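K.L.:
Read top to bottom, the protein sequences are chains A and B. When the letters of the first sequence are read in order and numbered with my numbering, they come out as residues 1 to 112. When the letters of the second sequence are read in order and numbered with my numbering, they come out as residues 1001 to 1509.
Keep in mind that a hint or two might mislead.
[As the list claims (entries may be wrong)] Cut-off 25 angstroms, straight-line C-alpha distance, at most; resulting in silico cross-link-like pairs (BS3-like, lysine-lysine):
1) 1172/B to 28/A
2) 1172/B to 1159/B
3) 28/A to 1159/B
4) 1358/B to 1160/B
5) 1358/B to 1163/B
6) 1358/B to 1159/B
7) 1160/B to 28/A
8) 1160/B to 1172/B
9) 1163/B to 28/A
10) 1358/B to 1172/B
11) 1362/B to 1172/B
Bear in mind the hints are in silico, worked out from the structure with no lab data behind them. Keep in mind it's a predicted model, so treat the numbers as computed, not measured.
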Amino acid sequence: MMTAFLGSLLLAYSSMLALCQGLERHYKQVWGRAPTLGLRRVLRLAGWLLLIASLWASAQAWGWAMGPVGWLGLLSLSGLLLAWLLPYTPRLAVYWPLAGLPVWGAAYLLAI
Amino acid sequence: MKQTLTQSMAWLHTWGGLLFGWLLFAIFLTGSLAVFDQEIDHWMQPEIQQTSVSNAQAVEHAVAYLQRQHADASAWNISLPSERMPALRVTAGDRRSGISTYLDPLTGEPLVVRDTAGGTFFFRFHYSLSMPRNPGIWIVGLAAMAMLVALISGIIIHKKFFKEFFTFRPNKGQRSWLDAHNASAVLLLPFHLMITYTGLLIFALIYMPAALDSLYKGDFAAFYREHIDVMEEPHQAPTHPAPLTALAPLLAQAEARMGPLSGVVIEHPGRSDAHIEMRRVLGNRIALTKGHNMVFDGVTGELLAGPPELRPSVLAQRVMFGLHFAQFGGYPMRWLYFVCGLLSSAMIATGLVLFTVKRRRKYASESPLGQQLYRLVESLNVATIAGLVVACIGLLWLNRLLPVELAQRAGWEVRGFFALWLLSVLHAWLRPRLQAWREQLSLAAVLCLGLPLLSVFSDGQAWGDSMRLWLEVTVVALGLLLAWSVWRLHQPQVQHSERRVRHAQAQVN
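Construct the entire structure; sequences and hints are all you get.
P.N.:
Now the structure itself:
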């Protein structure tokens, strides 16, 4: 259960991150230059796909009845975390999910 | 009034939000704490240990005790130890007003446990403001309606809904407060709309009784019996003494059908019309299954009724109750609700603070009455936001500091809670604004950070079990957050040039 839960959390944050970076003002905030239109489209598409993946993972954790409820909660909290981190530590806001992957991996291997 | 929709909604959002904001903050904060009401109960009853006994064993001890002490009670109620509530509790007579005793689940002997208001106090305050039931419920309902109005009007006036979805610009004074208010409101919008709407629904039959009046002549009990209650009509024949059937097989049968059990109610134990009701732990499904139990014959062990199948209309209602009560989904879901609830409270707080920040520069040009009113708003902000936090953590401190043998101990804890809150109101009125914030938030931070120490000195067994440890860790984390906010308040305040100020004031959104 924890594996699916952590997975859903990481995917939710990543989706919010992708959608956020697809907006010009926030891409500039992190990387200092404007994104190309193609990159913006790719980021937004990735964002929506990760969103759906996050919903699927949430349903693995809780079932399809409770899953959407938990998914909305995870989305909201991820979005808020992102909005809070961006002005203070933009690079950390982008890269911390990578550090989250080993934690997820550990949960997966321990099969909790 | 030749106003645009945005202008009138902005007026509604501002003044409706201000008038009800203090009440709503209190409701949301205590509601968030109520998510962990049983865990807080457990922390406030340090005499109870976490043990693991089987339900059958616990019931055996409970029945033996009840047989010894209350053989001729009209009903026995047994609350079984569960993951959230490790206590074994028996009640003779009516469940709410009978004689309650805690038992040690291992030995079956009675435990002396301190009388406490518990985390249940936060739950009761959340829906009734600790007032008599009906007036309190009506006021909370009014506040919930005001919350819906504030949410919808807020959405209407927020022009840059998607453009500023992730926007937060700190260290810019009023702009930052508006950003924080917008971000926490928009990103948690599903939660806000859901929790407010479902909250209103719970007492819908009180607020809108027309259906109940016309179909059931206002008799709620009749409605409940027809749709939810599982009990058959009572025996009319005279009853005689009869031995109670073995409970262990009935427990197994109920568990197989309904999942973990929270309790057993035995009506008329030892008589021929005895009934045994098995109550399940809430949370197997989203729908709130309170009262949806299995009833067995007390002498033969035959299944009489339940668990009831719900009609679609009742199921829809129960799902919406369940979404608000947050008993489903295990601890991960419970934590999500808790954090979202705290952030909602923060959202309301940022709105209240934003109101005063916006108007601070205009003080000198206001009439003396206007200045007094703004002063009142400022001090109410401190008293409600910081003061309530002090009162809540203070309740936990009172639980350990008040003598255990004090009569009506629970009542004294509640009085202490309100006394602390009242003191914070006075303090907020008398002290200058910034000092009031710093001092009250510092007190809250100290009380939170000191909780583990209090636990050690008052109890001798700090973090005696995992549940209490989790609670103390959470409280310390909240204390660190409060300490950080005090540190922020000691930083030099943001100064603006006059031109920037006028530009900021021109922006509603």
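K.L.:
Does each hint hold? Answer for all of them.
P.N.:
Hints, verified against the model:
no.	hint	in the structure
1	1172/B to 28/A	holds, 20 angstroms
2	1172/B to 1159/B	holds, 20 angstroms
3	28/A to 1159/B	holds, 22 angstroms
4	1358/B to 1160/B	holds, 20 angstroms
5	1358/B to 1163/B	holds, 23 angstroms
6	1358/B to 1159/B	holds, 19 angstroms
7	1160/B to 28/A	holds, 19 angstroms
8	1160/B to 1172/B	holds, 19 angstroms
9	1163/B to 28/A	holds, 14 angstroms
10	1358/B to 1172/B	holds, 13 angstroms
11	1362/B to 1172/B	holds, 18 angstroms
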